[in-house]
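Novice: Next come the chains, spelled out residue by residue.
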Amino acid sequence: MIRPKVVTVHASLLLLWAGFMAWLIISGEVYQFIGPRTLWVVLFGAVALTLAGFSQVALINSSQRRVSAKELGGLAAFLAPVVVLVVIPGAGLGSQAAARKASGGQVSAAGRFAPMPRPGVEVSFPEIAYASNSEANAARVGIADGYPVKLVGFVGQSEEIPDGGFVLTRFATFCCAADAIPYSVTVDAPTPEDYPEDTWLAVSGSLVWQNGELVLLAEDIEEVEEPKNPYI
Amino acid sequence: MITAEALTLRPRISLRWGISIATLAALIVLVRLLGLEQQQSIQMFAVVFTAIAVEALPFVLLGAIVAALLEVYVPERVYARVARLPVGLQLPAAALGGFAFPVCECGSVPVARRLIARGMHPSAGVAFMIASPIFNPIVLGSTWIAYSARGLGVEMVAGRAALGLLLALMVGWAIGAEGAHDLLRSRSDQAGDDGVDRSCCAAGVSKWRAFGAHLSADFFYMGRFLILGAGIAAALQASVPQNLVAGAASSPVFASLALMAVAFVSSLCSEADAFVAVSFTAFPLGSQLAFLVFGPVLDFKLFFMYGATFERKVVVGLAAIAIPFTLVGALWFEVVLS
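Quick note, the sequences are listed as chains A and B, same order.
Residue numbers for the first sequence follow our numbering, so the first one is -1 and each next one is one higher.
Residue numbers for the second sequence follow our numbering, so the first one is 420 and each next one is one higher.
Keep in mind the hints are simulated off the structure, nothing from the lab.
Take the hints with a grain of salt, since some may be wrong.
[Unchecked claim] Label-pair restraints from in silico Cβ distances:
{"#": "1", "chain 1": "A", "residue 1": "226", "chain 2": "B", "residue 2": "512", "range": "44 to 54 Å"}
{"#": "2", "chain 1": "A", "residue 1": "204", "chain 2": "B", "residue 2": "560", "range": "33 to 43 Å"}
{"#": "3", "chain 1": "A", "residue 1": "45", "chain 2": "B", "residue 2": "519", "range": "15 to 25 Å"}
{"#": "4", "chain 1": "A", "residue 1": "66", "chain 2": "B", "residue 2": "596", "range": "27 to 37 Å"}
{"#": "5", "chain 1": "A", "residue 1": "66", "chain 2": "B", "residue 2": "757", "range": "51 to 61 Å"}
{"#": "6", "chain 1": "A", "residue 1": "225", "chain 2": "B", "residue 2": "450", "range": "19 to 29 Å"}
{"#": "7", "chain 1": "B", "residue 1": "663", "chain 2": "A", "residue 2": "63", "range": "45 to 55 Å"}
{"#": "8", "chain 1": "A", "residue 1": "68", "chain 2": "B", "residue 2": "570", "range": "46 to 56 Å"}
{"#": "9", "chain 1": "B", "residue 1": "567", "chain 2": "A", "residue 2": "63", "range": "51 to 61 Å"}
{"#": "10", "chain 1": "A", "residue 1": "223", "chain 2": "B", "residue 2": "560", "range": "50 to 60 Å"}
{"#": "11", "chain 1": "B", "residue 1": "440", "chain 2": "A", "residue 2": "88", "range": "20 to 30 Å"}
[Unchecked claim] No more than 25 Å apart at the CA atoms, straight line, and that leaves these computed lysine to any residue pairs for SDA-like:
{"#": "12", "chain 1": "A", "residue 1": "3", "chain 2": "B", "residue 2": "605"}
{"#": "13", "chain 1": "A", "residue 1": "68", "chain 2": "B", "residue 2": "450"}
{"#": "14", "chain 1": "A", "residue 1": "68", "chain 2": "B", "residue 2": "439"}
{"#": "15", "chain 1": "A", "residue 1": "3", "chain 2": "B", "residue 2": "442"}
{"#": "16", "chain 1": "A", "residue 1": "3", "chain 2": "A", "residue 2": "65"}
{"#": "17", "chain 1": "A", "residue 1": "68", "chain 2": "B", "residue 2": "647"}
Values in this document were obtained by computation on a predicted structure and should not be read as measured data.
We put the CB at the ideal spot given by N, CA and C, even for glycine.
Please work from the sequences and hints to get the whole structure.
Specialist: The structure is reproduced here in structure tokens:
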């Protein structure tokens, strides 16, 4: 049985991966997987894989060795991430992932450490998580009772929220989705409404202290599309 | 001219492509019919698996590029000169050399393999491989940023750098005492012992062709094990809740072991793991340090990459040293801080 040359398979896979990374960037899908700080890795990967692919193309005429069946099995592993995305399009991290990734029982801003926010940054989930740890932290970032805020996140899983309320969750990534950390804020809704988990909402209101944590007292809740970059 | 071989090859290739595409289409239909793509755990697996592969493969390629440069463009006499240096000098120099190679653990494995194969003392090669993902400016910088808000930036950076370097020296000294032939695994599934297709690189062929052959050999050999490890790490992240280990937080020993287990399963990049470690607020600082030191030394993806590079006894020996050493170091760090 005649099999393709090793360099032909190598060149094809390198160029496939280069194209895959370029597609991730151009389509914006890259935001589902990679944090904004490390987008350069994907760009570097697309360029370097393209160059590496063409280096193999240049070897095709001079190389004679053909790929063995055993090697083909190992090389097929490189197709797996692409096939996974073809079979499961539009995959994302949701409320169940937040529950899985929470290191404490309850996915709550108050139970987590958040790094001290940079001055001048718009108040979002990490800043509220930081402020929610103590009133001293809240004062440090300028959050006081009645602080107005607008948050966009998805409805997360919760067992301890009173009727009418829910938790609004958003992931923060640093390198990629593997290190995503969920941040959640309890929302006290003006009118009881049962929002399904993973519904993306824009919630406007004010932050108030309730039972030792900052809760978002909602004034306006609007269903929104999932943002292009679902992470913060 | 179209040869008889080409005429028979075309239908075979077309048939294989047809079977492959039909299998993929059947898989898509099956997944849709069962509604599997809507299940969050499946989606989480897909996202984490793809994320690790997309994030880490460029670093494997970078490591393969450096390894190929070392193989093709660095003259033999340089390695011969390095090999003549006493081990006592090579070992710490290689560990400290990690500071000049700022890539994560996926890139350091192929480089270390190439260095050992070219004559660097195995102790020094292993020490470099262990130290570079911990003791490099990007990793130490991200550790400082993550912990500086808690006023612990200096302590955690110093603890991570010191424990990482000591672990690299210890593992290098213990494991590298054996010769390179006893340490490195031959790549029997490919053309040469080093996996390079030499049919393209006979004597007289230009160096860049040899460079291309070495680059692809290392990239494809390491990359497949990275993808295998990423798949297992993603499956575990999607199926095992992290709060399973929360109960261990009250005991320093169990807390460290628990976070080392989390580091092994998570397979995070060492350049970002500090931001995850800092979120384990219920756990003592010593156990967070254990997470930061153990993860870049041994996790699922590295387990498979080491297995592809070294003999099995090396991987077992590395784990046998790294687990107790990291544990003791983390406990000592806890005592010093308190």
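Novice: Take the hints in turn and mark each one as holding or not.
Specialist: Hint by hint, here is what the structure shows:
| no. | hint | verdict |
| --- | --- | --- |
| 1 | 226(A) - 512(B): 44 to 54 Å | holds (47 Å) |
| 2 | 204(A) - 560(B): 33 to 43 Å | holds (37 Å) |
| 3 | 45(A) - 519(B): 15 to 25 Å | holds (23 Å) |
| 4 | 66(A) - 596(B): 27 to 37 Å | holds (35 Å) |
| 5 | 66(A) - 757(B): 51 to 61 Å | holds (58 Å) |
| 6 | 225(A) - 450(B): 19 to 29 Å | holds (26 Å) |
| 7 | 663(B) - 63(A): 45 to 55 Å | holds (48 Å) |
| 8 | 68(A) - 570(B): 46 to 56 Å | holds (54 Å) |
| 9 | 567(B) - 63(A): 51 to 61 Å | holds (53 Å) |
| 10 | 223(A) - 560(B): 50 to 60 Å | violated (36 Å) |
| 11 | 440(B) - 88(A): 20 to 30 Å | holds (22 Å) |
| 12 | 3(A) - 605(B) | holds (22 Å) |
| 13 | 68(A) - 450(B) | violated (28 Å) |
| 14 | 68(A) - 439(B) | holds (17 Å) |
| 15 | 3(A) - 442(B) | holds (24 Å) |
| 16 | 3(A) - 65(A) | holds (6 Å) |
| 17 | 68(A) - 647(B) | holds (16 Å) |
Figure legend: structure checked against the earlier numbered hints; hints not met, in rising order: 10 and 13.
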